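Enquirer: Spelled out, the chains give:
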Amino acid sequence: AQKVTQAQTEISVVEKEDVTLDCVYETRDTTYYLFWYKQPPSGELVFLIRRNSFDEQNEISGRYSWNFQKSTSSFNFTITASQVVDSAVYFCALSERNGANNLFFGTGTRLTVIP
Amino acid sequence: DAGITQSPRHKVTETGTPVTLRCHQTENHRYMYWYRQDPGHGLRLIHYSYGVKDTDKGEVSDGYSVSRSKTEDFLLTLESATSSQTSVYFCAISEGQKNQPQHFGDGTRLSIL
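Line order of the protein sequences matches chains A and B.
Using our numbering, the first residue of the first sequence is number 17, and each one after it goes up by one.
Using our numbering, the first residue of the second sequence is number 2, and each one after it goes up by one.
I should point out that these hints are in silico values taken from the structure, not numbers from a laboratory.
Zero decoy hints are in this set.
If we take Cβ atoms under 8 angstroms as the criterion, some of the chain B residues that face chain A in the derived model are:
{"id": "1", "residue": "32"}
{"id": "2", "residue": "34"}
{"id": "3", "residue": "44"}
{"id": "4", "residue": "91"}
{"id": "5", "residue": "99"}
{"id": "6", "residue": "100"}
{"id": "7", "residue": "103"}
{"id": "8", "residue": "104"}
{"id": "9", "residue": "107"}
{"id": "10", "residue": "108"}
Okay, derived cross-link-like pairs now, BS3-like style, lysine-lysine, Cα gap no bigger than 30 angstroms in a straight line:
{"id": "11", "chain 1": "B", "residue 1": "99", "chain 2": "A", "residue 2": "54"}
{"id": "12", "chain 1": "B", "residue 1": "99", "chain 2": "A", "residue 2": "19"}
{"id": "13", "chain 1": "B", "residue 1": "12", "chain 2": "A", "residue 2": "54"}
{"id": "14", "chain 1": "A", "residue 1": "19", "chain 2": "B", "residue 2": "58"}
Bear in mind the structure is a predicted one, so any value in this text is a computation, not a measurement.
The beta carbon of each residue, even a glycine, is placed where N, CA and C say it ideally should be.
With the hints as constraints, model all of the structure from the sequences given.
Expert: As structure tokens, then:
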């Protein structure tokens, strides 16, 4: 069965600190896709990134970076030099190629960046 | 922003009444989804559609039905609302290929008293 675990329920950091949000997944499919979404206090869900299971290269986008490791079934998200605008709930999600195309979400990590 | 409109944005109703939530898209995307978001659960799929009149159940479909008579509209109906269906409901859309990113509407906050 598929499952996404975000063990960190809440994290607080001081502005300009780096922070890593953990995501561990379970799937029996050999081809799958991993996603990160951001939900700011206003409530909408913003797509951040999609990676497929065959591409283990780390990705960097500005202050954001993602570390995908199949060996540990993890897809961690790091924010460098955090800012107050990064305060949000972040969700990791999994989609399987042989599944119904829906996303399985983790329970989210609430990040608070303190000025 | 993806052209997704959910209506209503907020609704308060009583147990036992029928409720219909609407999702309208202007992107002509094939897939549409309804999720509910509850504390401690993240988002969970209720139903999804892969084309006009083509729908299927998700993880938490009991007590819900859906309809898709046009590409742009996906309706979620609670036939007889219960307090356990108090939640924030999100509609999402994605393009024709599988496993594409889903883009979400702004959500509907539903309270059932």
